[in-house]
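Colleague: The residues making up each chain are set out below.
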Amino acid sequence: MDKRELLSAEHVYKYFDGTPILQDINLKIKSGEVVVIIGPSGCGKSTLLRCLNGLEKIAEGKIELDGDMVDPASKEICRLRERIGMVFQSYELFPHKTILDNITLAPIKVQKRKRTEAEEEALKLLERIGLSAHKDKRPSQLSGGQKQRVAIARALIMHPELLLLDEITAALDPEMVREVLEVVLDLAKEGRTMLIVTHEMAFARAVADRIIFMDEGRIIEEGTPERIFEAPETERLQRFLDNMSF
Amino acid sequence: MDTEAIREYLPRFAEAFLLTVRIGWMGIGLSLVIGIAGAFILHYRVPVLKGLTKGYIELFRNTPLLVQLFFIYFGLPKLGVMISPEVCGFVGLGLLGGSYMAESFRSGLEAVPGIQSESALSLGMNRRQIFFYVVLPQAFAVSSPSVVANVIFLLKETSVFSAISLMDLMFTAKDLIGLYYRTTECLTLLVVFYVIMLLPVSIVGRVLEKKVRSGYSHG
Amino acid sequence: MGDVITGLGFDVLWKGSNWLRLLGGLLTALEISLFSVLISLAAGSLLGVLMSLNKKAIDIFSKLYLEIIRIMPQMVLLFIVYFGAARAWGLNFSPETASVIVFSLWGTAEMSDLVRGSLQSIPKAQYESSAALGMSTAKTYIYVIIPQMIRRTLPGTINLITRMIKTTSLVMMIGIVEVLKVGQQIIEANRKSSPNAAFGVFATIFLLYFLACWPISCLSRYLEKKAV
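Chains as they are written, first to last, in this note's numbering: chain D, 9 to 254; chain R, 31 to 249; chain U, 181 to 408.
Bear in mind the hints are in silico, worked out from the structure with no lab data behind them.
In this text, all values refer to a predicted model and were calculated from it rather than measured experimentally.
Each residue gets a CB set at the ideal place from its N, CA and C atoms; glycine is no exception.
It is possible that part of the hints are untrue.
What the hints assert, rightly or not - Among the chain R residues that face chain D by a calculated CB cut under 7 Å, a handful are: (1) Ile145; (2) Ser152; (3) Leu153; (4) Val164; (5) Pro167; (6) Gln168.
Working from the sequences, and respecting the hints, build out all of it.
Modeller: Written out as structure tokens, the structure is:
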């Protein structure tokens, strides 16, 4: 498999009202790699994800996707965001559109693809996530787990090179977490490049090639799942893992 | 009640009704245009225009239509701005309504969470695409009950048009009462025509409100 | 500057007691508003509480009442009460009485809907937790429900006052000498000496109404923000 470097962040700093949120973040993701970020709430992991596709402006440092600068101020940012898919904790489907239209809106309007072609692919994706029967419903008629699967399909149809998943199960009822995580595991198997923020430790362990532990805006440790979970090097990670109930 | 008299007055009332409805809906059309423009200016904080829009909204929301019409119809000609009663009614209602519509659309725009725009951004949409495909349709849906309430309010406000000698329903009723003293018949016709004008809108409004309230949660 | 004032017809305001007359006219309108608001507050609150009880007869009556009042322009109601009542039942109301009746009917409808809405928005658990603390129904209402209700209805109630003030401008149409009518009289009396008086006088009335309503609107908005 091609193991070229897809995403790189170098010396990234970010502040909110003078408070440092991200400090000296260095991160490289290879094509086909699944990286999971763990860490306590407020450690900056969600902010990092938002910086990576240019939703937030960084104060210092450099973020590149396959050699192209990610810069919210540049004219090219929309083209770059097309290549980076993102799924949010709160799904953020468009409430005024049907499920099918939610998925086809961006390919038709942004990528200028033909409606018939976009719908064909959307239907395939819906079948894959087991929601074909719901294609004409509105988001408000779906359960949280179903909505989140649709949100994943909406990101996939853009054929992103990288997928960012921001705590996608955090807002779900426990019985719905599984159906969403299974979709993600499936994506990992087919070799998708993903950067995942999650609190589900068992899932992190199962899906990740590499785990990054963040605290107070810094990357504290990183390594294979076995290394991180079985032999934490720092006291902070040790304490964090002790507090997480498995 | 004298049905003969009612039959006799009916054509005059029908004519007045058409005039009232025509100017009323034209004014509402103008108010929608002003309202959308005003809401856009306020929501996206367009410099200079924002202050002017705010001032306009406060001024017209805090004064009666009757006073606005008197000022436009009797006052402005002294500055050389001469307009017919019809245009005055249309412009006056449009300006009053615009100040209400702007507030409705603005709160509709505000009701769309910022993260909706972000999720559209993450799909590669540009600002224009996000406004037209994501934000505006949702804002319209959210503000539709209050827009319909404004429409009802404005249609009712047309009842002061007679003050600037527009031959509307009120004018006709008053005129006929003065001429023939058939008060009951005239008032009945007046009520009937206002019901015809307002009841359908009121029903549409209730249906819309139910629709928006049920199942328009974000997510 | 003086030329501009004269040219635009503002000068008539300083002739004789014209300023006082105008303000007196405004006061007449405000008085009618005040009476109507007070009646609406009392009657509307009562009706609102009754409506929240979910009694069928009250529901039918109040729905009908609210629908009729809301669909009819106040101007039409004013005509019905002022001209129609005299004709139908021989009731000869003075224009002032007719105005207060109409505006109170309208204000009561608006107020009752505010009160009903706020009562229904208070969660059931509030009643239950008060009962769990051993409060009687009366105590529950006095200490728990009504204070919350007042906070929720206050912005809307204050807003109703500005709407009432604006609505009272209609009374000139049934012959009450309020600020617009006084303005017309002043313009008429100075037709020769100050031909542009219509601009100055109506601009002034425009401003007077704004000054009467705007502070109240601001207060209502402030309370609304605070309540959230």
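Colleague: Evaluate each hint against the coordinates.
Modeller: We went through each hint and held it up to the structure:
Of the supplied interface hints, the one on Ile145/R holds, with its beta-carbon coming within about 6 Å of a beta-carbon of chain D, less than 7 Å. A hinted interface residue such as Ser152/R counts as satisfied when its beta carbon comes closer than 7 Å to some beta carbon of chain D; here the least separation is about 4 Å, so the hint holds. A least Cβ separation of about 4 Å between Leu153/R and chain D falls short of the 7 Å threshold, and the interface hint therefore holds. Evaluation of the Val164/R hint against chain D yields a held restraint, the C-beta minimum of about 6 Å falling below 7 Å.
Evaluation of the Pro167/R hint against chain D yields a held restraint, the C-beta minimum of about 5 Å falling below 7 Å. Residue-level restraint check for Gln168/R holds (minimum Cβ-Cβ distance to chain D is 5 Å; threshold 7 Å).
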